[in-house]
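Enquirer: Listed below are the residues making up each chain.
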Amino acid sequence: MAGPLTLGLILGLASLTFVMKAAGPLLPNIPAAITARTAGLAPALLAALVAIELTGPNGVIHLDVKVPAVIVASALAARRVPFIVCVIAGALVAALLRAAFHL
Amino acid sequence: MPAARSTREILQATAPIALAVFVFGVSFGVLAVAAHLPGWAAVLMSLLVFAGSAQFAALGVITAGGSVLTAIFAGALLNLRFIATGIAVARSLPGGRVKRALLAQIVTDENYALAVAAGEPGRPDRQTLLVAGATLYGVWVLGTLIGAALGPVLGDPKRLGLDAAFPALFVALLWRMLSGRHAVRCALGGAAVALVLAPFTPPGVPLAGAAIVGLWLAR
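These protein sequence lines map, in sequence, to chains A and B. Using my numbering, read the first sequence as starting at 1 and increasing by one per residue. Using my numbering, read the second sequence as starting at 1001 and increasing by one per residue.
Read the hints as simulated data drawn from the structure, not as lab findings. For each residue, glycine too, the CB sits at the ideal point set by N, CA and C. Careful: at least some of the hints might be erroneous.
Here's a subset of chain B near chain A, in silico, CB distances under 8 angstroms, partners left out [unchecked claim]:
| hint | residue |
| --- | --- |
| 1 | S1006 |
| 2 | A1015 |
| 3 | M1045 |
| 4 | A1064 |
| 5 | V1107 |
| 6 | A1172 |
| 7 | L1188 |
If you want the footprint, here are the derived chain B segments under chain A, 3+ residues with CB under 8 angstroms [said to hold, decoys possible]:
| hint | region |
| --- | --- |
| 8 | 1048–1057 |
| 9 | 1077–1083 |
| 10 | 1120–1129 |
| 11 | 1142–1154 |
Starting from the given sequences, assemble the full structure and let the hints guide the process.
Expert: Structure, rendered in structure tokens:
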């Protein structure tokens, strides 16, 4: 990625994050109804990110090694395994399946 | 009222989390370099953003071929929850509004959780927030630095399954947030909308759709 784009990504995300982290102390009277709704954003986005990661270039679910990797990571996470272990297990499943089937 | 905690006690409570955050930082550095981000950019991002899930989300979008704007959008939306944590910790932080707003920058999910556990109801413990926050910030940046240096040595990221690390991470983060019916509903709705939109729309749109559904289903 080109330098200016990279810098744009970093500064854009950093400044928005700064504003959001500062908002609470600066504006303590934000209505609870609004903050309660933002609680729905993270689960919806993370689930959407998982779904998008599993789609191919045409936007349709693509059955490759990422699917079993996510199933294994998900099963581990459901058992409250620390999440770094889930991530490593997911990567390992993908790497092993690729090596075994020359994908 | 719990007695004030010593720095040593706080560091002991923080240690296992710090180790996890460190390893996480290393993986961020490795994946960032694998996504063709220069090493300095990975470190700068950890220095300035300090929000793991948002950084990974932005990187995930870039790796999948999305635009910079989409990546910023995905990361920023994930960080909206910090408005809520910011309000929750505002009374615990010292100083006036500006100083509190600056100190709130080191608040993350992990030190927030530690501070809530150590504090009184409705008042997260100040020392824990600050000491654990500073520790986690240090190991996050250090981890990223080491990961970015290590990345080029590791070779083809696909052979190591690193591309699968993103969805694995997102699904693991998601499980942590699935407390309560509303969260499950938001997650299912978000995934469904994203999958419906993905074949017909450019990369940012499915995420925007999921965000709207998440806000809508939150109550």
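Enquirer: Take the hints in turn and mark each one as holding or not.
Expert: Now the hints, each set against the structure:
The beta carbon of S1006 of chain B is not positioned within 8 angstroms of any beta carbon in chain A (closest approach about 26 angstroms), and the interface hint is therefore violated. Given the 8 angstroms rule on beta carbons, the hint for A1015 of chain B is violated: about 14 angstroms separates it from the nearest Cβ of chain A. Checking M1045 of chain B against chain A by beta carbon gives a least distance of about 5 angstroms; that is within 8 angstroms, so the hint holds. With a cut of 8 angstroms, the hint placing A1064 of chain B at the interface with chain A holds, because the nearest CB-to-CB distance is about 7 angstroms.
At about 6 angstroms, the closest approach between the beta carbon of V1107 of chain B and any beta carbon in chain A falls short of 8 angstroms, and the interface hint on this residue holds. Interface restraint check: A1172 of chain B against chain A, minimum CB-CB distance 4 angstroms, threshold 8 angstroms, status holds. Satisfaction of the interface hint for L1188 of chain B is found here, the shortest Cβ-Cβ separation to chain A being roughly 7 angstroms, below the 8 angstroms cut-off. Counting residues of the region 1048–1057 of chain B whose beta-carbon sits less than 8 angstroms from any beta-carbon of chain A gives 8, enough to reach three: the coverage restraint holds.
Beta-carbon proximity to chain A at under 8 angstroms applies to 7 residues in the region 1077–1083 of chain B; the threshold of 3 is reached and the given coverage holds. Only residues whose C-beta sits within less than 8 angstroms of a C-beta in chain A count toward coverage, and the region 1120–1129 of chain B has 0 of them, not enough to reach three; the restraint is violated. Closer than 8 angstroms: that is the beta-carbon criterion, and the region 1142–1154 of chain B has 0 residues meeting it against chain A, so the requirement of 3 is violated.
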